[in-house]
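**Student:** These are the residues of each chain, in order.
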Amino acid sequence: MFSAWLNEVRLRVATLFHRRRLERDLEDEMAFHLAMREEKLRQRGAGAKEAGYAAQREFGNRTRFQEVCREMWTFASLENFWQDVRYGARMLRKNPGFGFITVITLSLGIGSSTWLFNMVRQWVIEAVAFPQPSRLMVVWEKDNKRGWLGPTSAPGFLDWREGNTQFESLSAWSTAQFNVTGFELPQRLLGARVTVDFFRTLRVPPAVGRGFLPGEDQPGAAHVAIISDGLWRERFNAARDLSKAVLRLDGDSYAVIGVLPEHFHFTLMGRSNIWVPVVFTEPVRADRGRGWLQVVGRLAPGATRETAQQELAGIAARLEQAYPQTNRDSGVLVETLTHEIGKHVGDSAVYTMFVVATCILLIACSNIAGVYLAQALARQKEVAMRLALGAGRIRIARQLLSENTLLIPLAAGLGVLLAAWGGEWLPTAIPYENRGYLPNYGRVYTDGMTVVYAAGAGLLCALLFSLAPLLESRRLNLTSTLKDAGSAVSAGRASLRLRKSLVAFEVILALVTLVPAGLTVRSLVARFGDDPGFRAEGVQTAALHLPSSEYRDAASIRTFYGQVLERVRSLPQVERAGVSRAIPMGHSAPSTEIRIEGQPEPELGRVPFTRINAVTPEYLAAVGLHLVSGRFVAEQDGAEAPPVAVVNDTFVRRHLAGEDPVGHRVRLGSEREWRTIVGVVRNVKLSSLGDPPERQAYVPFAQSPARSAWIVVRTARDAASLTAELRSAVLAIDPQQPISQVKPLAQWVSEQEAPFMILGQFAAAFGVLALFLAALGLYGVVAFVVQSRTREIGIRLALGAAPGTILRIIAAASGRMMLIAVPLGLFGGWGVGRLMTGLLGVTPNDPLIFAGSVAVLCIAVLLATLLPARRAMRVDPLTALRYE
Amino acid sequence: MGEPQDKGDLLQGTLAMLILKSLARGPKHGYAVAEWIHEQSDDVLRVEEGALYPALHKLELRGLLRSEWGASENNRRAKFYSLTAAGRRELTAEAEQWLRLSGAIARIMQTA
Chain A
0 MFSAWLNEVR
10 LRVATLFHRR
20 RLERDLEDEM
30 AFHLAMREEK
40 LRQRGAGAKE
50 AGYAAQREFG
60 NRTRFQEVCR
70 EMWTFASLEN
80 FWQDVRYGAR
90 MLRKNPGFGF
100 ITVITLSLGI
110 GSSTWLFNMV
120 RQWVIEAVAF
130 PQPSRLMVVW
140 EKDNKRGWLG
150 PTSAPGFLDW
160 REGNTQFESL
170 SAWSTAQFNV
180 TGFELPQRLL
190 GARVTVDFFR
200 TLRVPPAVGR
210 GFLPGEDQPG
220 AAHVAIISDG
230 LWRERFNAAR
240 DLSKAVLRLD
250 GDSYAVIGVL
260 PEHFHFTLMG
270 RSNIWVPVVF
280 TEPVRADRGR
290 GWLQVVGRLA
300 PGATRETAQQ
310 ELAGIAARLE
320 QAYPQTNRDS
330 GVLVETLTHE
340 IGKHVGDSAV
350 YTMFVVATCI
360 LLIACSNIAG
370 VYLAQALARQ
380 KEVAMRLALG
390 AGRIRIARQL
400 LSENTLLIPL
410 AAGLGVLLAA
420 WGGEWLPTAI
430 PYENRGYLPN
440 YGRVYTDGMT
450 VVYAAGAGLL
460 CALLFSLAPL
470 LESRRLNLTS
480 TLKDAGSAVS
490 AGRASLRLRK
500 SLVAFEVILA
510 LVTLVPAGLT
520 VRSLVARFGD
530 DPGFRAEGVQ
540 TAALHLPSSE
550 YRDAASIRTF
560 YGQVLERVRS
570 LPQVERAGVS
580 RAIPMGHSAP
590 STEIRIEGQP
600 EPELGRVPFT
610 RINAVTPEYL
620 AAVGLHLVSG
630 RFVAEQDGAE
640 APPVAVVNDT
650 FVRRHLAGED
660 PVGHRVRLGS
670 EREWRTIVGV
680 VRNVKLSSLG
690 DPPERQAYVP
700 FAQSPARSAW
710 IVVRTARDAA
720 SLTAELRSAV
730 LAIDPQQPIS
740 QVKPLAQWVS
750 EQEAPFMILG
760 QFAAAFGVLA
770 LFLAALGLYG
780 VVAFVVQSRT
790 REIGIRLALG
800 AAPGTILRII
810 AAASGRMMLI
820 AVPLGLFGGW
830 GVGRLMTGLL
840 GVTPNDPLIF
850 AGSVAVLCIA
860 VLLATLLPAR
870 RAMRVDPLTA
880 LRYE
Chain B
0 MGEPQDKGDL
10 LQGTLAMLIL
20 KSLARGPKHG
30 YAVAEWIHEQ
40 SDDVLRVEEG
50 ALYPALHKLE
60 LRGLLRSEWG
70 ASENNRRAKF
80 YSLTAAGRRE
90 LTAEAEQWLR
100 LSGAIARIMQ
110 TA
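Here the protein sequences line up with chains A and B, keeping their order.
The first sequence: position 48 = 47 (numbering that gives the first Met the number 0), numbered continuously.
The second sequence: position 54 = 53 (numbering that gives the first Met the number 0), numbered continuously.
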């Protein structure tokens, strides 16, 4: 059955290329038949003429039989389509400018929408690349009082795991960095400590070797590690025999037992390469105060996020009662893994931009619909004539739109190219570190779905365009249109209304795009314009992590860093060099409790916290802090000197307002001794440029040394060029010490702020594009409406109307339309802006942006109204009256 | 073929069967098919001759016939039709069906 059908199609297609032969064959075949019959009749004695007639009589209606055969062999509807295409091509040749603008406008619209569609799909919806992703949940410990989410403690996790029935497995992980030695250069790599069932929870078996076994997480068990495909290829030449594969991590030997599949990427861990079992020693099992484990689980069959949430919340409530000291106000929050990854990606930003991009597509569509409408009106008489002669309305609309059969596929194709280019460009705009936390490492692929979406968008555009001329032709009153041109003093009320709705629609769409774009750009300008409290330019940073096995006491640490600083300072063009436990934007400043001498002891669980950093004296100048009063940490604040601290202005405002802070004494964390405040510096944005002011304190590194610390160097040359010299300076003192995370402070800032930068670029680009397209479209349609009133204006002028009055009439028409469109558009824009609230500190209620967007659009509409109106009024009334 | 049918015209679909049958002994052109049907039925079955061609083309499109241009007995260019394997199968099936049906009708008419 099917093969018969296929054969038929084959025959028909073959005929498509031999159209002339088909005609000739049909003609010949029937002519032959008639000739034979005629001959036979003549042989029987009929006259020549008679025989010919008789033969034709017996044959029947020859033309009709030919036609039946012809239709049998061809695709009639397809050929109509081909006619349209050829007609369209002719029209385009006549008016290439129109075709060019249509294709550019549409491909920009389709391209941006398709690009964002790809991002939504690949980064948000399909972000979790593990089996049955919807069953994977992330469990947070939630501070019920403040709403903060955070990691949980080891005993907390164990209680959750033992007490719940809703998860078939519940695993924990904690990211970690390892000094990897034993190869040419020591290296510091990102990895994670995971519970032994971690990969089973994700359902990712190793590609080579085996997974962790129960018991490998017990204290004293042999050290084992699973590594990434990349590390395996780089360090072990992809050898499938792992029996001799050993990694030295932080000075200990680990047997490599497994290699993960090439495409394994748990985005919440970034670019992790090494996984080792997390070991719960007795002290760790007992410590409920320190939250450090992140939890991921796979729901048991039948369980849902809600049932899991309910059960774990019950467990948390019991823990709160049992351990009021550590677990006060602590609850849980169960979220889908997809949602968590989406938060990292900034899913609401991606969705918002998708909406904005799609608005741009709609604006592009309405622009072109406006042009078609104008064309439809210009050809009203022709259309009316065709209708009167019995042409179908759809066929007419199709012909009006015949250019589309060529333009839309072209625009959709270009749109796919734009989206593909955007997908390739995107990773280059995102810093390396950030890409580690994005699905596909920030790449956006172009695939079949991309093409399908672009084609669908193109089809939708085609439908939208066709709608306008179709509506128009339905309104056409045949008799009055055909009768004479005189009836067109002004365009009909109905068709004017259609045009005005189009303008209103564009105004609404433009506002829906402009308002969120403006809100975003404004909040980002504020964000980047704010003083961060440090100067990032010309600063290089590098992290060091000394192993406790070799650096056992404070003195050895102090000596090591002292020697390193000495060497670094001697490098050419190094201006300042300091050591610190934390750097701005480096995610490394811990918080600790503070108590102030002479102030009442706060109640339990209400002790204030401050961010704390231990620094050498030159850190101030190296990072560029602003000293407000007193002095900074100095050389005199040695290990044996009286303990001192420097605090920031926010600290002073919260605790010592109205007093001179210098001379007051504070106690930090579990320290026994009081520290004297010797100076005040300005607030520094430690985590992101969006940070609210927070309490910060600095203590001398000499008094509070740490094995893990940063070298911070200010140089007159390009900061990045210091890397090799820094590395050799450290290796000269200890050849076993890798430096890691070596990058300019400016790069830390740009990595931290990358999502905001990219969003800002998106918003600005889309805003400009939307404004440009909308202004173009508004001008086109409004100008056309005004122009179609040229005759009316001529009559009014001839009757003695003042130019001012006419301008008022025309402007009032635009004004009434704006009165309806602007509030609707603002409402839409506010709605989209609300989607972004919370994200990047965008607030949807920014009157400046609202007013600005409206003003810009009003100017566009005003220009579009006044320019053609003035032209119309300069026309001599007589010409205007004859104008058609 | 869409035209009103006279008494004595062929039943719909029977024409196709007759065409297949006419080609069972070898290739023929359209005129020969018409002549064959006239002769074999002693001029009882009359075909509007032109209607033969849509039927022939339909059968060709269905893959039951194949066609080839050649020279006729009086050396004119003519289109010859012949059965394909599928056409032969179809003929056998239709003939069987027809015999069963006509036999049954004949029996009914005789008993009366």
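If you're looking for bench data, these hints aren't it; they were derived computationally from the structure.
Note that this is a predicted model, so its numbers are computed, not measured.
Among the clues, some could well be false.
Claimed, not checked - Capping the alpha-carbon separation at 16 Å, the derived lysine to aspartate or glutamate pairs in EDC-like fashion look like this:
#1 LYS57/B with GLU70/A
#2 LYS27/B with ASP41/B
#3 LYS39/A with GLU34/B
**Student:** All hints, please: hold or fail.
**Tutor:** Now the hints, each set against the structure:
Note on LYS57/B and GLU70/A: the hinted pairing holds, with a Cα-Cα distance of about 11 Å set against a maximum of 16 Å. Annotation: proposed proximity of LYS27/B to ASP41/B is violated, straight-line Cα distance about 19 Å (limit 16 Å). Only pairs whose Cα atoms come within 16 Å are accepted, and LYS39/A paired with GLU34/B is accepted, the gap being roughly 11 Å.
Violated hint for the displayed structure: number 2, the only one.
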